[in-house]
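Model the full assembly from the supplied sequences, consistent with the hints where possible.
Residue numbering for the sequence shown follows UniProt numbering, beginning at 1 and increasing consecutively.
These aren't lab readings, by the way, just hints derived from the structure by calculation. No experiment lies behind these values; they were computed from the predicted model shown. It cannot be assumed that every hint is accurate.
Unchecked claim - List of simulated lysine-lysine pairs, BS3-like, C-alpha gap at most 27 Å: (1) LYS96 / LYS191; (2) LYS141 / LYS191; (3) LYS123 / LYS191; (4) LYS123 / LYS96; (5) LYS141 / LYS96.
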Amino acid sequence: MRALVVVTHPAETSFTRATCDAATRGLIRAGHTVTVLDLYSMGFQPAMTNAERAAYHEANPVVDPLVAESVAAIRQAEMLVFVYPTWWSGLPAMLKGWLEKTMLPDVAFVFDADHRVRPGLTKVRRIVGISSYGSARTYVKAINDNGRRTLLRALRLNTGLRTRSTWLAFYSIDSSTAEQRGAFIERVERKMASV
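In structure tokens:
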């Protein structure tokens, strides 16, 4: 399967990047073809410009070359893997902006003859979310885990309801030990090697 891994964290030595490396190793071990988009390293600009908004419903909505690179990777993907820290109860602004700029008409969704929205990511058979949280699981659950809902509900509507999903969460990272973090990284690698 062709897996697109989207990682979002500004620090190259972060737990998020280590988790992404583990996920990538596991996917490769499972025989998947892996493409990694590191949004910070590639210099992705998450804020939509006036030109991008004006082009959104045009025949060629892609204005930015980095968006074009991402769209090409999305169109090839059979698995989408998102690795990010949960900040302010949701997706980091970089990842949210990436979704807004790449999940375009004729990419993420299409319109049928009656102008109803239909899934455009029909090649995608699995969505994986891997996130760390500063808060405990009970708190995250109480506030509805907005990032998870965005990826496993909203985005999944663009892939089709038969798309399988996997969620790997590391809660209470702020009070975790090195052993707990290491165990989670090992868990991620093992899980990705089995999907």
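These are the hints, each one checked on the structure:
1. LYS96 / LYS191: holds, 25 Å
2. LYS141 / LYS191: With Cα atoms ~22 Å apart, LYS141 and LYS191 stay inside 27 Å; holds.
3. LYS123 / LYS191: holds, 22 Å
4. LYS123 / LYS96: Cα-Cα ~22 Å, so holds.
5. LYS141 / LYS96: Holds, because 20 Å separates the two Cα atoms, which is no more than 27 Å.
Hint check: no violations occur; every hint is consistent with the structure.
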